[in-house]
Amino acid sequence: MTNTDNVTIETASAELPSFPMRRTNPLDPPPQYARLRDGEPVSKVRLPDGSVSWVVTRYDDMRTVLTDQRFSADSRKPGFPILMPHRHLMQDVRMMNRLDLPEHTAFRRIFVKPFTSGSISVMRPDIQRFVDELIDDMLRQGPPVDLVQAFSLPAPAKVICQMLGVPYDDAGFLQRFSKVLTNRTTNLDDVQQALDTLFSYVDEALRRQEKSPTDGLLGKLVADNAVTKALSHEELVSTVVVLLVDGYETTANMITLGTVALFQNPDQLAALRADPSLGAPATEELLRYLSISDIGVARVAVEDVQLGDVTIRAGEGVMTLVAAANHDEAAFPGGAGLDINRHQRPHLTFGHGIHQCLGKHLVTLELEVVYSTLFRRIPTLRLDVATEDIPFKHDAGLYGVWELPVTW
699 MTNTDNVTIE TASAELPSFP MRRTNPLDPP PQYARLRDGE PVSKVRLPDG
749 SVSWVVTRYD DMRTVLTDQR FSADSRKPGF PILMPHRHLM QDVRMMNRLD
799 LPEHTAFRRI FVKPFTSGSI SVMRPDIQRF VDELIDDMLR QGPPVDLVQA
849 FSLPAPAKVI CQMLGVPYDD AGFLQRFSKV LTNRTTNLDD VQQALDTLFS
899 YVDEALRRQE KSPTDGLLGK LVADNAVTKA LSHEELVSTV VVLLVDGYET
949 TANMITLGTV ALFQNPDQLA ALRADPSLGA PATEELLRYL SISDIGVARV
999 AVEDVQLGDV TIRAGEGVMT LVAAANHDEA AFPGGAGLDI NRHQRPHLTF
1049 GHGIHQCLGK HLVTLELEVV YSTLFRRIPT LRLDVATEDI PFKHDAGLYG
1099 VWELPVTW
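Those letters in the sequence shown? Residues 699 to 1106, by the numbering used here.
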């Protein structure tokens, strides 16, 4: 409904479509996204807890929401839309991705330098070595293998452990708990236990760095914060938790999903195999095409905002649907298809504005090395299961694949 109806967001909520919406084709956004984008680009949905939120589906509107300071990222504010049940358990935790200006600035200043493009680029040799070692292990084992367990999970785990300066043996711990934390159907008691353990692990790791700092990211963060005193110990812990879970889980899912997408687009895969230098544009296109965080970046209006033909009232929640915006034909002509040679506008997979994902350069570099190397070293790599038998993560907060049998 538009503002001319003089109807608030609560009206007729029983008639609203339920959100999240399910994909019918596992590699495409839910079909309702296109219908909303074309007919009602700013519209209302009902969330799993029965509350109502606006959803925004067009590219330009999403950029507006993510840069307009009248929309708050603070999940503690009334009306903020909550999708994952465990988010209620973390309402009082101060994390960088939930802070507005000016508080957000102090947090980001501590973390931004290690994640600049220049700082991340020096990690390329180590990332290449990790990827090659894992492919060596796959080749020694011989087919078939589960790409998720053999490659997609350990590759980013090795990278994040190297960057943070923690033992790779701890990566198994990270895998277990990220699986719990990103599943919408997980029992809340299990989520609370996982959160407590994860926060305790990071807390202990940072305290060790305070006593005996190393050259890893954790040591540098502790040293910088000791000088600036910008964050409390608890705030430093919470932000590192976000980096661990989001950076690791996003990359692991994208490795597997991107591989499936290339298998399903053999002309694009052939082009990449013929020219591994296409790894960088292929990565950007796969990030746009798949948009694995498509359930949306959440905000809440702190004052009335006119967006298109709609008035969003103060206190009303807004979900920006990344996959809908990334497939907006006005921004990406032919965007429903995969084209690794696309000369495109910046996609919104990592968000936009002051809250753009801090780890975008790290994730992008990891994926570029993976896609440039995997199909060059195993040119006959292919699925060892029918596409319809792939177990996609329809029940998880970040979309992906639970397991992917491959052969060559």
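Calculated from the structure, these hints are not laboratory results.
Be aware that one or more of the hints could be misleading.
DEER-style ranges, computed between Cβ atoms [said to hold, decoys possible]:
hint: 1; residue 1: Ala968; residue 2: Thr722; range: 21 to 31 angstroms
hint: 2; residue 1: Leu837; residue 2: Thr926; range: 39 to 49 angstroms
hint: 3; residue 1: His931; residue 2: Thr814; range: 23 to 33 angstroms
hint: 4; residue 1: Ala968; residue 2: Val1083; range: 18 to 28 angstroms
hint: 5; residue 1: Pro729; residue 2: Asp824; range: 40 to 50 angstroms
hint: 6; residue 1: Lys811; residue 2: Ala1034; range: 49 to 59 angstroms
hint: 7; residue 1: Pro865; residue 2: Pro964; range: 38 to 48 angstroms
hint: 8; residue 1: Thr814; residue 2: Gln891; range: 27 to 37 angstroms
hint: 9; residue 1: Val1083; residue 2: Arg874; range: 45 to 55 angstroms
hint: 10; residue 1: Thr722; residue 2: Asp867; range: 33 to 43 angstroms
Being a predicted model, the structure only gives us computed values, none of them experimental.
Every residue gets a Cβ at the ideal spot worked out from N, C-alpha and C, and that includes glycine.
Hint check:
Between alanine 968 and threonine 722 the beta carbon distance is about 27 angstroms. The supplied range of 21 to 31 angstroms therefore holds. Between leucine 837 and threonine 926 the CB atoms are about 47 angstroms apart, so this pair conforms to the stated range of 39 to 49 angstroms. At about 25 angstroms, the CB distance of histidine 931 to threonine 814 agrees with the hint of 23 to 33 angstroms. Between alanine 968 and valine 1083 the C-beta distance comes to about 21 angstroms, which sits within the given range of 18 to 28 angstroms.
Distance hint for proline 729 and aspartate 824: a CB-CB separation of about 41 angstroms, consistent with the stated range 40 to 50 angstroms. The beta-carbon spacing between lysine 811 and alanine 1034, approximately 38 angstroms, falls outside the hinted interval of 49 to 59 angstroms. At about 40 angstroms, the beta-carbon gap between proline 865 and proline 964 stays in the expected band of 38 to 48 angstroms. The hinted window of 27 to 37 angstroms between threonine 814 and glutamine 891 holds, with their beta carbons roughly 36 angstroms apart.
For valine 1083 paired with arginine 874, a C-beta distance near 24 angstroms fails the hint of 45 to 55 angstroms. Remark: the range hint 33 to 43 angstroms for threonine 722 to aspartate 867 is upheld by a beta-carbon distance near 41 angstroms.
Going down the numbered hints, you'll see the structure goes against 6 and 9, while the others check out.
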